[in-house]
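2 protein chains.
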Amino acid sequence: MKLLEERILKEGQVLPGDILKVDSFLNHQIDTELIDCLAEEFHRLFAQEGITKILTIEASGIALGYATAQKFANCPLVFAKKGQARNIGIDVYHALVHSYTRDEDLEIFVSKKYLHENDCILVIDDFLANGKALSALADIVHQAGARLAGCGVAIEKAYQPGGKLLRDQGIRVEALARISAMNEDTILFE
Amino acid sequence: MKLLEERILKEGQVLPGDILKVDSFLNHQIDTELIDCLAEEFHRLFAQEGITKILTIEASGIALGYATAQKFANCPLVFAKKGQARNIGIDVYHALVHSYTRDEDLEIFVSKKYLHENDCILVIDDFLANGKALSALADIVHQAGARLAGCGVAIEKAYQPGGKLLRDQGIRVEALARISAMNEDTILFE
Numbered sequence: 056m057k058l059l060e061e062r063i064l065k066e067g068q069v070l071p072g073d074i075l076k077v078d079s080f081l082n083h084q085i086d087t088e089l090i091d092c093l094a095e096e097f098h099r100l101f102a103q104e105g106i107t108k109i110l111t112i113e114a115s116g117i118a119l120g121y122a123t124a125q126k127f128a129n130c131p132l133v134f135a136k137k138g139q140a141r142n143i144g145i146d147v148y149h150a151l152v153h154s155y156t157r158d159e160d161l162e163i164f165v166s167k168k169y170l171h172e173n174d175c176i177l178v179i180d181d182f183l184a185n186g187k188a189l190s191a192l193a194d195i196v197h198q199a200g201a202r203l204a205g206c207g208v209a210i211e212k213a214y215q216p217g218g219k220l221l222r223d224q225g226i227r228v229e230a231l232a233r234i235s236a237m238n239e240d241t242i243l244f245e
Numbered sequence: 056m057k058l059l060e061e062r063i064l065k066e067g068q069v070l071p072g073d074i075l076k077v078d079s080f081l082n083h084q085i086d087t088e089l090i091d092c093l094a095e096e097f098h099r100l101f102a103q104e105g106i107t108k109i110l111t112i113e114a115s116g117i118a119l120g121y122a123t124a125q126k127f128a129n130c131p132l133v134f135a136k137k138g139q140a141r142n143i144g145i146d147v148y149h150a151l152v153h154s155y156t157r158d159e160d161l162e163i164f165v166s167k168k169y170l171h172e173n174d175c176i177l178v179i180d181d182f183l184a185n186g187k188a189l190s191a192l193a194d195i196v197h198q199a200g201a202r203l204a205g206c207g208v209a210i211e212k213a214y215q216p217g218g219k220l221l222r223d224q225g226i227r228v229e230a231l232a233r234i235s236a237m238n239e240d241t242i243l244f245e
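These protein sequences, in sequence, are chains A and B.
Take the first sequence: its letters are residues 56 to 245, numbered as in the working numbering.
Take the second sequence: its letters are residues 56 to 245, numbered as in the working numbering.
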């Protein structure tokens with residue numbers, strides 16, 4: 056998606072550790088107009104799927120997930136929580152995610168009340184790199200017995216293994232910007 | 056706000072430890088139509104203030120903060136992050152928040168790049184109880200030298216000290232549902 060690629064080229068910063076910093080518009084300060092355009096594109100791509108719920112993970116998936124949920128009729132957003140909050144209850148689906156940003160394993164949870172076997176789920180996140188977060192969310196969809204329509208991500212680091220890993224499992228993955236290589240001076244898209 | 060009070064009465068659950076569970080529509084599963092109505096009301100209340108940015112805190116403030124930012128022209132959302140993420144950089148405003156839900160002190164951060172002295176900030180969150188999160192966000196606004204237009208929260212536990220604490224400092228606080236008392240059987244509004 057040209058609009059997103061241009062914004063990444065304009066404001067993205069590549070930091071040591073293979074980090075693409077896009078916190079001026081995507082995951083710290085959030086440009087609502089841009090996010091709304093990304094959500095519109097996810098709606099166009101998945102409009103025929105009968106989506107009943109958007110599933111994402113706290114915290115940086117929430118804005119994009121909310122914006123996407125707004126585009127579908129009668130479609131709430133559900134966000135997976137990290138860690139065992141005292142008030143979430145014990146009746147939850149859970150999975151493990153390794154966070155490369157924080158270098159730690161996190162347990163994530165979704166209450167069983169909010170995902171059902173008759174749901175058709177679109178999983179949304181800001182980034183796809185190693186695919187750990189999306190795999191965990193897909194696992195939770197499967198635990199619920201729901202249908203996984205696919206995954207929509209804003210930015211895929213296509214040179215990392217996550218996208219292939221998910222697609223090889225037959226999961227539809229739509230990335231709005233696919234980075235083929237990046238360093239301090241250049242960001243290249245597929 | 057009648058719409059929100061009715062939803063709290065219909066779906067809210069009071070749990071031991073003074074917890075009001077509203078995760079079917081506000082902070083785990085999110086009803087985008089309801090959130091959009093709350094955001095519209097915040098816009099109505101603060102429309103004359105010249106708001107340039109919405110500030111909230113991850114994770115459960117993000118959806119409501121995003122929805123509110125959408126209502127104001129050229130108004131990004133900025134969300135404070137918890138903990139020292141590796142890629143946020145060192146040039147940050149920070150403050151301490153005590154989380155009663157998790158019973159721990161958390162450090163929160165906002166990059167100095169995204170709050171400026173010419174900003175007029177509306178702080179948004181889902182809950183106001185002890186006021187620790189809002190006080191920390193207000194502190195960050197003051198560190199930035201920006202103007203704090205006020206705080207908008209979905210639900211205030213008005214029998215807890217946070218609202219008085221903030222209002223006594225001259226901060227405008229708008230709560231869309233103000234709970235005066237609650238137990239397992241009843242939730243009363245002011």
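Careful, some of the hints might be misleading.
Claimed, not checked - With a cut-off of at most 30 Å between alpha-carbon atoms, the simulated DSBU-like pairs for lysine-lysine come out as follows:
1. K168/B with K137/B
2. K137/B with K137/A
3. K57/B with K76/A
4. K57/B with K126/A
5. K168/B with K65/A
6. K219/B with K65/A
7. K168/B with K76/A
8. K168/B with K187/B
9. K167/B with K57/A
Stated by the list, open to error - To be clear about the criterion: a stretch of chain B counts as covered by chain A if any three or more of its residues have a C-beta under 8 Å from a C-beta of chain A, and this derived list gives those stretches:
10. 80-86
11. 125-132
12. 208-214
Unchecked claim - Between beta-carbon pairs, the in silico distance windows are:
13. G225/B with A102/A: 42 to 50 Å
14. D223/A with V69/B: 42 to 50 Å
15. R202/B with H171/A: 41 to 49 Å
16. G200/A with E95/B: 45 to 53 Å
17. C92/A with V69/B: 38 to 46 Å
18. K219/B with R157/A: 32 to 40 Å
19. K219/A with L100/B: 45 to 53 Å
20. R202/A with K168/B: 38 to 46 Å
Derived from the structure by calculation, the hints contain no laboratory data.
Think of the CB as a built atom: it goes at the ideal place given N, C-alpha and C, for glycine as much as any other residue.
Verification of the hints:
For the given pair, K168/B sits about 17 Å from K137/B by alpha-carbon distance, which is consistent with the 30 Å threshold. Straight-line distance between C-alpha atoms of K137/B and K137/A comes to about 12 Å, which keeps the hinted pair within the 30 Å bound. Between K57/B and K76/A, the direct Cα distance comes to roughly 42 Å. Violation of the 30 Å bound is thereby established for this hinted pair. A threshold of 30 Å between alpha carbons decides the hint, and for K57/B with K126/A the separation of about 25 Å falls inside it, so the pair holds.
With a CA separation close to 16 Å, the supplied pair K168/B and K65/A stays within the 30 Å bound. Proposed proximity of K219/B and K65/A is contradicted: the alpha carbons are some 44 Å apart, above 30 Å. For the proposed pair K168/B and K76/A, the alpha carbon gap of about 13 Å is at most 30 Å, so the pair holds. Note on K168/B and K187/B: the hinted pairing holds, with a Cα-Cα distance of about 24 Å set against a maximum of 30 Å.
For the hint pairing K167/B with K57/A, the CA-to-CA distance comes to about 29 Å; that is within 30 Å, so the pair holds. By the rule of at least three residues with a Cβ nearer than 8 Å to a Cβ of chain A, the coverage given for the region 80-86 of chain B holds, with 5 such residues. For a cut-off of 8 Å, the count of residues in the region 125-132 of chain B with a CB near a CB of chain A stands at 4, and the three-residue condition holds. By the rule of at least three residues with a Cβ nearer than 8 Å to a Cβ of chain A, the coverage given for the region 208-214 of chain B is violated, with 0 such residues.
Take G225/B and A102/A: their Cβ atoms lie about 49 Å apart, and the range 42 to 50 Å holds. Separation of D223/A from V69/B is about 47 Å and conforms to the stated range, judged on CB atoms against 42 to 50 Å. In this structure the hint that R202/B and H171/A lie 41 to 49 Å apart at CB holds, the actual value being about 46 Å. Evaluation of the 45 to 53 Å hint for G200/A and E95/B yields a failure: the beta carbon distance comes to about 36 Å.
Between C92/A and V69/B the Cβ separation comes to about 41 Å, which falls inside the hinted range of 38 to 46 Å. In this structure the hint that K219/B and R157/A lie 32 to 40 Å apart at CB holds, the actual value being about 36 Å. The given range of 45 to 53 Å is respected by K219/A and L100/B, whose C-beta atoms sit roughly 49 Å from each other. Distance hint check: the CB atoms of R202/A and K168/B are about 41 Å apart, consistent with the given range 38 to 46 Å.
The structure fails hints 3, 6, 12 and 16 (numbered hints given earlier, in ascending order).
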